[in-house]
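2 protein chains.
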Amino acid sequence: MFNFSFENQTRIHFGEGQITAITNEIPTDAKVLVVYGGGSIKNNGVYDQVVSALQDHRWFEFSGVEPNPNYDTLMKAQAVIKEHAIDYLLAVGGGSVVDGTKFIAAAALFAGDDPWDIVAKQQKVESALPIGVVLTLPATGSETNIGSVVTRDGHKLPFMSPAVRPQFAVLDPAVTLSLSDRQISNGVVDAFIHIMEQYLTYDVNGKVQDRFAEGLLQTLIEEGPKALLAESKDNLDVRANIMWSATMALNGLIGAGVAQDWSTHMIGHELTGTYGIDHARTLSIVLPAVMKVRQEAKHGKLLQYAQRVWHITQGSEEQQIAQAIKLTEEFFQRMAMPIRLSDIELGKSDIDILISKLELHGMVALGEKQQITLAVSRQILEQAL
Amino acid sequence: MFNFSFENQTRIHFGEGQITAITNEIPTDAKVLVVYGGGSIKNNGVYDQVVSALQDHRWFEFSGVEPNPNYDTLMKAQAVIKEHAIDYLLAVGGGSVVDGTKFIAAAALFAGDDPWDIVAKQQKVESALPIGVVLTLPATGSETNIGSVVTRDGHKLPFMSPAVRPQFAVLDPAVTLSLSDRQISNGVVDAFIHIMEQYLTYDVNGKVQDRFAEGLLQTLIEEGPKALLAESKDNLDVRANIMWSATMALNGLIGAGVAQDWSTHMIGHELTGTYGIDHARTLSIVLPAVMKVRQEAKHGKLLQYAQRVWHITQGSEEQQIAQAIKLTEEFFQRMAMPIRLSDIELGKSDIDILISKLELHGMVALGEKQQITLAVSRQILEQAL
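First to last, the protein sequences are chains A and B.
In this text, residue positions in the first sequence follow our numbering: the first is 1, and each later residue adds one.
In this text, residue positions in the second sequence follow our numbering: the first is 1, and each later residue adds one.
So here's chain A without its partners, still in its complex pose:
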């Protein structure tokens, strides 16, 4: 196991009806900006619950944060913050709203000249407005972690700072019952691949981390498809198990002290940037190809994954691994996700474009051992055809 430092201070209020917890979480004298997206929270009752919980607070609102939150949109919040002397942000939404709120919080107290430098020049974020979260879509883990991704002019850029870790997060699985099948599919698969990025590398004898990761993977494999089936999609336990898995998938715990990959994400980002494909749907295409092309380097962990997550015991090691990859693809398909570039109508001719984008963005040595050169990325994309 590698040495590591780990912390996660976010207070979690989990379960049906927990939105009421924000009343006591946010100081009564705070001036609150409620940040949300396209307005779906006004149709599913979440907005009303938030309004009710904030009835003794002074609050204002800022809506319109889009998927892959846009810099220009987020900067419009700064005027509202100044006008009303906002000193607390409440993000109500999924990963994009939370990520966007993190950028708003950092930009509000940014000491430099141009807030875009936070992502463009990775200028350190020393302070930020305090953030609370009411999560509506389990997927990204942003509700308790320190990361955020912001988009401007087709550039999708991340930043990280402990200053933007939410002070609290409300996780009410009942809120997720109104999500579309596509949102559920994307969320489950996004969380699944967050786990794989921190698990499917090489063995450092981190037994707790491995078993926690395997437990989360098994839970998503079991519960994910149930959230799409008519007979079980309204089951609150199913939603609760998915929601808790997605938070645990990227709160820092399973990645502490072990190697991490993230090549699937880096290659997937180019598919989103170039063709506007949903983030999770790029991952379900790239991961199986990474598993196949990187089979030798990842042999030990792939075998462990086959045996522990899929309980495969028959056949040679190579056969067990092949079977595990096949079952992973079938799981993605059960989640109604694409698993090949052809599933989203891309072909051989697109690979050159994607490789040049990777090169442009400096993604020339990806993966847990920086062995995924552009040539290997090409192999991966060809494998994914």
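These are computed hints drawn from the structure, not numbers from a lab.
Treat the hints with caution; some may be incorrect.
Put simply, identical chains are the same to the list, so a pair is met inside one copy or across any two.
Listed next, the in silico SDA-like pairs over lysine to any residue satisfying Cα-Cα at most 20 Å (straight line) [to be verified]: (1) 121 / 362; (2) 124 / 162; (3) 226 / 204; (4) 76 / 343; (5) 31 / 163.
For clarity, every value in this text was computed on a predicted model and none was experimentally measured.
Fit chain B to the given chain A structure using the hints.
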């Protein structure tokens, strides 16, 4: 799954050499009291590492905190705190030193008349001196949780307060290489049974919590005995996996949203209080008897435990459960722990004494459903003969 709130703010620095992290964790202008036990840290190099890390701090020391830390001992620290205007406590030791330091921290800022009321009358602890921890014995989880147990005149009483949660904890597995076999055995089995108290209850469909618990149990079953064997006891990975498991076992995570038992602990406490038996050695005697006597109420979870933790697939459900209990006992024996009252030279005549102690302490309805009356506790102790 039940609704829950979860938080754990303790920053963890994990790995060999991490004691140096305390230099930056404790404010330079703090006046630090280093709290430790019988002085073993002076023989194993830990004291020297702490002194070196604190070379630019003003610090004092308070030693002599005993196992089952004693109120009178802990109160002696108050004079030192006043004399030197101490404003930061650094606990260097195992669970007893950490628990004792938590009481010292709470007593120092206690607003009431008598600090003993913190445990005797469960008076709320609103504030406490900040605490840091250098852990030397993985077992109790006290290094990141809010609990503490203090003893006075044979009364072993707990208190809990978020104010005493350590701000940071250094977990250096190399520090544990100098522990005696008995300390290792006690620590591994204590952690194991902390997990069982939060796992072996009834099913609430908390899939993440169950799988995390099972992963920790499997890790302790695999790694615990290795820490006693000549050929593997110096293996740092073994120590690291045990240490991380013990912290995760009682940091609040696996117990969030699920039922909890704790009857084994309550019955075990009377064995410690009456006969001075090591805490963990009471647990290894009581747990198997609880599993047998409560087999019907715990059927579902016992079967899951048999199948997932011990991979038992053959035989009837009852046979699988019986086999799992037998394997649990054999694991405790491999850890050189007693599993019967007769192993510690207690017999039938002691049961009346223990039952009267349970009655005296109000322990008349134990377990996840408060179904363990004194009559059931008697059955459990008879089963343990």
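Evaluated hints:
Within a single copy, residue 121 and residue 362 get their C-alpha atoms as close as 14 Å, which meets the 20 Å cut-off; across copies the closest is 63 Å, which misses it. In this homomeric assembly, residue 124 and residue 162 come within 20 Å of each other (Cα to Cα) only inside a single copy, at 10 Å, whereas the closest approach across copies is 31 Å. In this homomeric assembly, residue 226 and residue 204 come within 20 Å of each other (Cα to Cα) only across copies, at 17 Å, whereas the closest approach inside a single copy is 34 Å. In this assembly of identical chains, residue 76 and residue 343 lie within 20 Å of each other by CA distance neither inside one copy nor across copies; the values are 37 Å within and 72 Å between.
In this assembly of identical chains, residue 31 and residue 163 lie within 20 Å of each other by CA distance solely inside one copy; the values are 19 Å within and 27 Å between copies.
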